[in-house]
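Same order as they appear, the protein sequences are chains A and B. Numbered by this note's numbering, the letters in the first sequence go through residues 13 to 126 in order. Numbered by this note's numbering, the letters in the second sequence go through residues 30 to 141 in order.
None of these hints come from the bench; they were simulated from the model. There is no bait here: all hints are sound.
Heads up, incomplete: computed chain B residues facing chain A, CB under 7 Å, no partners named:
| id | residue |
| --- | --- |
| 1 | Glu71 |
| 2 | Gly72 |
| 3 | Leu73 |
| 4 | Phe131 |
| 5 | Gly132 |
| 6 | Ser133 |
Note that the structure is predicted; figures quoted are calculated from it, not measured. Note that beta-carbon positions come from the ideal geometry of N, C-alpha and C, so glycine has one too.
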Amino acid sequence: GAGVSQSPSNKVTEKGKDVELRCDPISGHTALYWYRQSLGQGLEFLIYFQGNSAPDKSGLPSDRFSAERTGGSVSTLTIQRTQQEDSAVYLCASSLASGVEKLFFGSGTQLSVL
Amino acid sequence: GNSVTQMEGPVTLSEEAFLTINCTYTATGYPSLFWYVQYPGEGLQLLLKATKADDKGSNKGFEATYRKETTSFHLEKGSVQVSDSAVYFCALSEGSARQLTFGSGTQLTVLP
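With the rest of the complex left out, here is chain B (with noise of 0.2 Å):
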């Protein structure tokens, strides 16, 4: 079956710091990739997405590259703030929503 294993939390960063959350999957076909974002008090919200291999997702200065060579989608900010202190799920899709697979989900809190 599916499977989707992400980085394990907690991640603390101060501001301005470099992000890298690893994700890898494990799918029987050609998958969609996401990442998806928890602020506190808040429900899930898709942040990016990539379709196919290679593609590259990216908002809010997030960006992420679908590498089926490894089969990775590392999440990735060059410079992150306060107000990215959020939980970070990593997710594929074959389909539909009844087929997503989430992964456990990293925190991130990053200080002042």
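In isolation and in its complexed conformation, chain A is listed as follows (with noise of 0.2 Å):
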């Protein structure tokens, strides 16, 4: 596609549900990151895709929190047992190489947990 897509674009959710949020990055990206961005804060990294190779989940701030990528495109950020404190924006982005100026971004995933 022309930019990296995310679905949904907004999801509302019941605490202790689970909810899956989607990333399609840029044809040919071979990097793909989740970030998060809670309110008033700046954005903090959740895991980085990189080819082939296995991810980096150093982010991630708990294990209700994971993330696949199938195919080398397509990533899914699950979270598990939804708590309030998960509500916030959830921000993909992708790149042809590791470089920051390269990073494209979507418009993110608004969660809201009730």
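From the two separate chains plus the hints, produce the assembled complex.
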């Protein structure tokens, strides 16, 4: 596609439910990142995929969070047993190389946990 | 650890006014500095960058100078337009996007 696509754009869920957030990167981009932006905060790195290498999961806040990337393209971020503090905008970005200035961001998924 | 502190918003200006959004940083090494912009309904976009001290990044009339002595990277524009209304994020990186640290963002609204 022309840009990084994320779905859904908004998700409202009840505390304790599981949610899946999807990211469709720019075709051919080998690097994919997930970030979280909580209200009034800067972006927080969550996880990084590069090609077929093992993902860098060092930013995931708890074991309720997981992500996968199938076929080196689409990625899904899963949050199990959601908590109110998980409410945030989840941003996905992709790039051809690992340089910061090459990042292209999606418009994000606004997650609200009631 | 690294951190970025930027001017709290929201900032409201009239068209053609001068803009300054302050940004200061704390880093253990020698980071690259960035300004990102998020227009309504769109993803973050890189606006400009500077990779070493005294470098000036510029784009679309915006400028920012990497000041190591004051650990600052203030964003300026001499004459803002309505189309500049957006959220602006200051950020730093010490090598990779895994180490990208963002400020909390500043909402700018430019009135006609």
